[in-house]
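Heads up: the protein sequence lines correspond to chains D and B, in order. For the first sequence, the working numbering assigns the number 1 to the initial residue and increments by one for each residue that follows. For the second sequence, the working numbering assigns the number 1001 to the initial residue and increments by one for each residue that follows.
Keep in mind the hints are simulated off the structure, nothing from the lab. Among the clues, some could well be false.
One-sided excerpt, in silico: chain B residues whose CB lies under 7 Å from chain D [to be verified]: (1) 1172; (2) 1178; (3) 1192; (4) 1195.
By construction, the Cβ of each residue, glycine as well, lies at the ideal position given by its N, Cα and C atoms.
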Amino acid sequence: MSALSVQDIGKRFGATPVLSGVSLDVAEGEFMVLLGPSGCGKSTLLNIVAGLEEPDAGRIVIGGRDVTRVEPRDRDIAMVFQSYALYPTMSVRRNMGFGLRMRGTSRGETEALVQEAARLLQIEPLLDRRPSQLSGGQRQRVAIGRAIVRKPAVFLFDEPLSNLDAKLRAETRAELRDLHRRLAATMLYVTHDQVEAMTLATRIAVMNRGVIEQVGPPQEIYDRPASLFVAGFTGSPPMNLISGEIVAREGQAIFQPDGGGPALPLPEACRPGKIILGIRPEDVSDPLSLPEISRWIPHILPLRMEATGADTHVTFAWGEARITGRFKPAVTEKNVVPVALDLAKLSLFDPATGLRI
Amino acid sequence: MTRVALYAALLGAALLFLIPLYVVGTASLKPLEEIRAGGLFSLPVAPTFAAWAKAWGSACVGANCVGLKGYFLNSWLMALPAVAISVAVGAINGYALTKWWFRGSEFLFGALVVGCLIPFQVILIPAARTLATLGLFGSLSGLVLIHVAYGVPVTTLLFRNFYLTVPDPILQAARLDGAGFFAAFFHVILPLSLPMLAVASILQFTGIWNDFLFGVVFTGPESAPVTVALNNLAGATLGAKEWNVNMAAALIAALPTLVVYFVSGRWFLRGLTAGAIKA
Ligand SMILES: Nc1ncnc2c1ncn2[C@@H]1O[C@H](COP(=O)(O)OP(=O)(O)OP(=O)(O)O)[C@@H](O)[C@H]1O
Ligand SMILES: [Mg+2]
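With the hints as constraints, model all of the structure from the sequences given.
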């Protein structure tokens, strides 16, 4: 039985559909990350799971119980908001204990549970402060503390790290992962940051325009994107997508990019026709760093180079298309060619449907 | 140089506003002969509180020579509940309108705005009929009801605009924490509203205390507020005009609003300029 089951949820605001047929199962103890661009409906879905928003269609099941018409307070969930949403006039202690007190937990027991959560998050020295006396990172911890103190069946996070600076975000990310392991809690986490998704998730659900396009473990999402959208949204820089055509030549399937350029021999048989070929930047590199049996060395020329420190991104012209490869920082204009592609790592998409073939 | 000019202008303006208060204040302390003889701006030669005592305890209000004290009490008995109720109802309305969207809330809000704009002469007759039907015509409770009904649109608007600056997630968090409509209001929203409560209370208090029209229309000779009594006292036509008593009576009637401003002016400003609330 899954801890949380989202079944065929539909939602419109006025005439615009925001969610259509969204289904998602989150297993007990799983860290599910809902990944998608701004405005795709992530928060709306999370609010529906929390009960703050009513769906037009579908059901929400938590722990085997249909809670679609149940009040938020009775759903056994806790939520951490992007803006923290701490109660401005209450001390940290009261902020964290409020949910317990509202549920009739005794003063003494509330105090003990708050202490325990505060110890776990190392915010004990802050307990008597007001939210306005805390830094952004500290507020975030308090918001997380307010959620964990109740020990709910499911935790909901709505972009909780997006207001933190880069360094603090990385630290808090690591702590969240740690916290997930220690609490063995079920989490549904919303973000538009793919790095966050990759590092935190046990599984990722990629969402686009109110539809979930793929659900799977991070590596699978990365290696075998189910659609053009997933391919283009994950990875940094994202997957190279090259439009072209497959033609059969002497029993071999050949990929011919639009606008000419070297034709690529496909390792497997393929139906001829229009196609979009995808390849990750790290699979476009120095021949010596790619496996010999699957590499292919086309004659293509570099257009520009971009050093990031850890590695250097080089953009090549291949027919009309521009493809980016990832090289060791030692690369120079002179030794960047020849460049190789790892044909074992290709993804093929149908341009009509945008789906993986 | 500009600074000197600025202070001179401010001082001039302050004096201009203070002159009437000075004249009224000094006149209330002068015996009648001194007023008749002396200039408007002269200080009292033999200051006395006799006029104050008379205005308070024995001046004729219409036909009853009982002074203002009973009517002064009436005003308090009317203003305190009317202020408390209109501010409390306004706060809850504003909260419901901004944080608990419901079917028809837009319409209700529109109706309230219209309510704020209706000149009160328009509602006098319907209100009188309503009070008569309720059996409250001529009583203090009737007047309280009228002030509440007339004040609620304004207080609702004040609180609504204030609560729009309170981020919604704070309230969503409270709902998830198990707080219902009133629990969230009392534990989360109300503690945020202190500056606004002060502003609304001061506005309502001065408006209601100073009201004359509703008082004169809806109360009887016994239940009139001090403003109406003051008018009757000053308008008494028998005998010579006792300017000093009239001045003292005017000051007695105005004193509560003056005190409210002196004591809470700072709160008032703070509430009016209160910034957005951050979580
Ligand atoms: N109350 C509302 N009324 C009308 N439209 C809304 C409402 N709430 C959200 N929307 C619309 O629904 C869409 C999805 O919004 P949502 O907040 O779920 O996006 P999101 O994926 O969380 O985006 P972000 O990453 O920016 O937070 C948006 O296009 C938004 O404009
Ligand atoms: Mg969002």
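Against the structure, the hints come out as follows:
1. 1172: Where the cut-off is 7 Å and the nearest Cβ of chain D is about 5 Å from residue 1172(B), the hint holds.
2. 1178: With a closest approach of 4 Å, the residue 1178(B) hint holds.
3. 1192: Given a least distance of 6 Å, the restraint on residue 1192(B) holds.
4. 1195: Violated, because the Cβ-Cβ distance from residue 1195(B) to chain D comes to roughly 12 Å (cut-off 7 Å).
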